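Residues 0 to 79 (numbering that gives the first Met the number 0) are what the sequence shown spells out, left to right.
Honestly, the hints are just simulated from the structure, not real lab data.
Only a predicted model underlies this, so the values are computations on that prediction, with no experimental measurement involved.
Just to be clear, a hint being listed does not mean it is correct.
SDA-like cross-link-like pairs, simulated, lysine to any residue; straight-line CA separation at most 20 angstroms [said to hold, decoys possible]: (1) LYS66 / ASN1; (2) LYS30 / ALA20; (3) LYS3 / GLU31; (4) LYS66 / ASN10; (5) LYS3 / VAL70; (6) LYS3 / ALA24; (7) LYS30 / VAL70; (8) LYS3 / PHE29; (9) LYS3 / SER43; (10) LYS66 / ASP37; (11) LYS30 / GLY51; (12) LYS3 / ALA27; (13) LYS3 / ILE34; (14) LYS30 / LEU17.
Quick list of the computed label-pair ranges, beta carbon to beta carbon [to be verified]: (15) ILE34 / GLY77: 18 to 24 angstroms; (16) GLY57 / LYS30: 33 to 39 angstroms; (17) THR56 / GLU4: 19 to 25 angstroms.
Just so it is clear, CB atoms sit at the ideal spot from N, CA and C, and this is done for glycine as well.
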Amino acid sequence: MNNKEFINAVNTVKANRLMSAETDASLAPFKESPISFDLELISSTKTLGSQGGAAYTGGYSIVCCVKNEDVEVQVLLGAN
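Can you build the whole structure from these sequences, using the hints too?
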């Protein structure tokens with residue numbers, strides 16, 4: 000999988016306003032696949048609660064935009 004395929008899948012989710020289960024199914028092929036992006040930082044905050052699972056509790060949530068694309072992503076960083 001490459002980053003263009005991922006961007007196309009995200010744009011399809013956005014354009015069709017897919018529900019959670021449909022979004023999960025559309026993006027499942029990309030899960031745990033290494034894909035490189037050039038990102039621009041928008042904001043960062045401490046992760047509250049167990050957003051994304053217990054491994055991320057106490058970590059950081061970083062919101063970035065993908066350069067040259069109309070897509071924002073949230074990156075979760077663990078506390079350790």
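Results for each hint:
1. LYS66 / ASN1: 15 angstroms, holds
2. LYS30 / ALA20: 14 angstroms, holds
3. LYS3 / GLU31: Answer holds: LYS3 to GLU31 is near 16 angstroms, not above 20 angstroms.
4. LYS66 / ASN10: 15 angstroms, holds
5. LYS3 / VAL70: Roughly 12 angstroms separates the two Cα atoms, so the pair holds.
6. LYS3 / ALA24: 18 angstroms, holds
7. LYS30 / VAL70: Given that 20 angstroms is the threshold and the Cα spacing comes to 18 angstroms, the pair holds.
8. LYS3 / PHE29: With a Cα-Cα distance of about 12 angstroms, the restraint between LYS3 and PHE29 holds, given a limit of 20 angstroms.
9. LYS3 / SER43: 25 angstroms, violated
10. LYS66 / ASP37: Status holds; Cα separation ~6 angstroms.
11. LYS30 / GLY51: With Cα atoms ~13 angstroms apart, LYS30 and GLY51 stay inside 20 angstroms; holds.
12. LYS3 / ALA27: 15 angstroms, holds
13. LYS3 / ILE34: Holds: LYS3 and ILE34 sit about 10 angstroms apart, inside 20 angstroms.
14. LYS30 / LEU17: 18 angstroms, holds
15. ILE34 / GLY77: 18 to 24 angstroms: Given about 19 angstroms between the Cβ atoms, the range holds.
16. GLY57 / LYS30: 33 to 39 angstroms: 23 angstroms, violated
17. THR56 / GLU4: 19 to 25 angstroms: 31 angstroms, violated
Violated hints, listed in ascending order, are 9, 16, 17; each of the other numbered hints is respected by the structure.
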